[in-house]
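All chains should be built: construct the whole structure from the sequences, respecting the hints.
2 protein chains.
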Amino acid sequence: MPTKVNRQWCLASRPEGYIQPTDFTWKEAPMPTPDDGEFLVRNIYLSLDPAAWGWMQEWISYVPALSLGDVMHGITLGIVEESSNAKFHPGDLVYGMLGWQDFAVTEGKGLMRLPKTSSVPLPAYLSVFGLTGLTAYFGLLDIGKPKAGETLVVSAAAGAVGSIVGQIGKIKGCHVVGTAGTDEKCQWLTEELGFDAAINYKTESLHKSLLKHCPNGIDIYYENVGGALFKSVLNLINVRSRIVLCGLISQYNVMGSGPSLASIITNRARIEGFIVTDYYHRAQEAIADLQKWIMEKRIQYRVDIVEGLENAPTAIGKLFDGSNKGKLMVKVSEEPL
Amino acid sequence: MPTKVNRQWCLASRPEGYIQPTDFTWKEAPMPTPDDGEFLVRNIYLSLDPAAWGWMQEWISYVPALSLGDVMHGITLGIVEESSNAKFHPGDLVYGMLGWQDFAVTEGKGLMRLPKTSSVPLPAYLSVFGLTGLTAYFGLLDIGKPKAGETLVVSAAAGAVGSIVGQIGKIKGCHVVGTAGTDEKCQWLTEELGFDAAINYKTESLHKSLLKHCPNGIDIYYENVGGALFKSVLNLINVRSRIVLCGLISQYNVMGSGPSLASIITNRARIEGFIVTDYYHRAQEAIADLQKWIMEKRIQYRVDIVEGLENAPTAIGKLFDGSNKGKLMVKVSEEPL
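One line per chain: the protein sequences are A and B, in this order.
Heads up: the first sequence begins at 0 in numbering that gives the first Met the number 0, then just goes up one per residue.
Heads up: the second sequence begins at 0 in numbering that gives the first Met the number 0, then just goes up one per residue.
Among these hints, one or two may not hold up.
[Stated by the list, open to error] Calculated cross-link-like contacts (lysine to any residue; reagent style SDA-like; alpha-carbon spacing at most 25 Å):
1. K26/A with G16/A
2. K144/B with D141/A
3. K211/B with W58/A
Please keep in mind that the hints were generated in silico from the structure rather than gathered at the bench.
Here is the structure:
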């Protein structure tokens, strides 16, 4: 199963619009060998995230900017296969920024270790217990500050982050309205996840539907999308409302445009940018709550697993056309038995 | 001097672009008479503020929305001439929302009383000790939270609010960069007010000049303008920077457009809308500091007084073409001796 080469997807061009398969080049590199203090990780799951768009840009600052030809950044869950590092041993499960490739050699900086035996399925560590869950948890609770009785609107609500945000909103007693791009997703939100309402943004009038489902205005907007929905929401926000600016996926192809902010002023609203990595030190706090809520069946999550590293460049397109169902990831190699 | 009629400017149409003189109708109404509990105020100075644009809109919420034909909203400083109210007496100086007219009858709700004898010239109450000063003070200190050594950029820096913001920024130890539309204004900022740099946004490249004058990035942006400058600033903001969204005067004619917010995310920045009326209860705190700073010659202010209520509709255009020099107001009638 371990190939003798290290298959890699490298950055071929920086996307101006959505990410295209042609933005990546396939490379077969020699198998890397760990030096003293290093160890070899075989990637099992590769997480595909909208943030990848930013990671491909030259101006990105919170992760090392890639040069053209570099192995694409990506968060993976992997297993240690060889080690010259005293702290990591073969068989250890690790989680971190190990890239779009079969194997990585690392000193372990920035890697998290996962429990070897756990009832948690491995893909959960890339979804509800990974960045996805933390993004939902801290973005909503720390920036959005929901109070019982408030109205929470979540965009991309059937997405990996949005679906957790809405469910935490319900746990906190909010009136929760989500938007999604198909009737099936909307149905999932209201019938399975307990959202109070779901709006199909492709077939309904955003403004009319928001008016109908948010009769008391909007107190919190958890923004994953940008664009037309953001504008409609700004028309209905309440005084001292909070907008959690987590993503603007619909605008990644129209940089430079954006909504009018006049409503932010008249409503003394706050828009706050947010990156989950700032909350790593509080991960356990989130994971404890999330585990409890999953046990209590108050939170559900879905994963959408694509087989094969070779399919990563096309699979990531699902994030931008909305066709993924749950947290998107690539299965790079087999799980340990 | 008191005319027998009450001359008024009434709302004729709601501006879509900038305010036009044709948005107002002149009316000569009968002199109002105070009922029990009311008193008659003769307006002396009428403040002209960019916020007037919002006050003319149907959707405005934090002041009563005007119907077409209503007397235009405006903050005035006036003198009580007749009173059937136990708390207000002829000769009292008052300050509040008494409109674009010679006279107003009121019960005094929302009015502030000014000291009858004071070394402060009356126009100061509509500028540095009025909404202008409070807007600068609370917007910068409470929302912007300046720390010594940080870089503060102020748009419309030669304007009534911006000039006070920059000077308070200097008092707090910031590196202060302002933008203005003429070389003369820029010179005033650096030579008279102590700004570290001033950028003429009409003749200089915003991006290059900001890069040059903000070598450590931008920590606080006090936004009065919107548009191109906002976009350039967003390219240079630091992590955890604060954007005080006070006005977007350049965008009042292009509602619906606005800057891209991607940079807000990567920088975990905060944009917070802000309306000075929320801080009225803390006005004394600001005024005490401002008075002290003026006494110490650490703050200067300018007023631009236009003679005659009849000129208000054309005078307000100076706010939008940048031709006013200092806090703009209209002299409606004579000061008391």
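Okay, the hints, checked on the actual structure:
Of the pairs offered as hints, the one joining K26/A and G16/A holds, with about 24 Å between alpha carbons and a cut-off of 25 Å not exceeded. Distance check on the hinted pair: K144/B and D141/A sit about 20 Å apart at the alpha-carbon level, within 25 Å; holds. Distance check on the hinted pair: K211/B and W58/A sit about 18 Å apart at the alpha-carbon level, within 25 Å; holds.
Going through the hint list in order, the structure satisfies each hint without exception.
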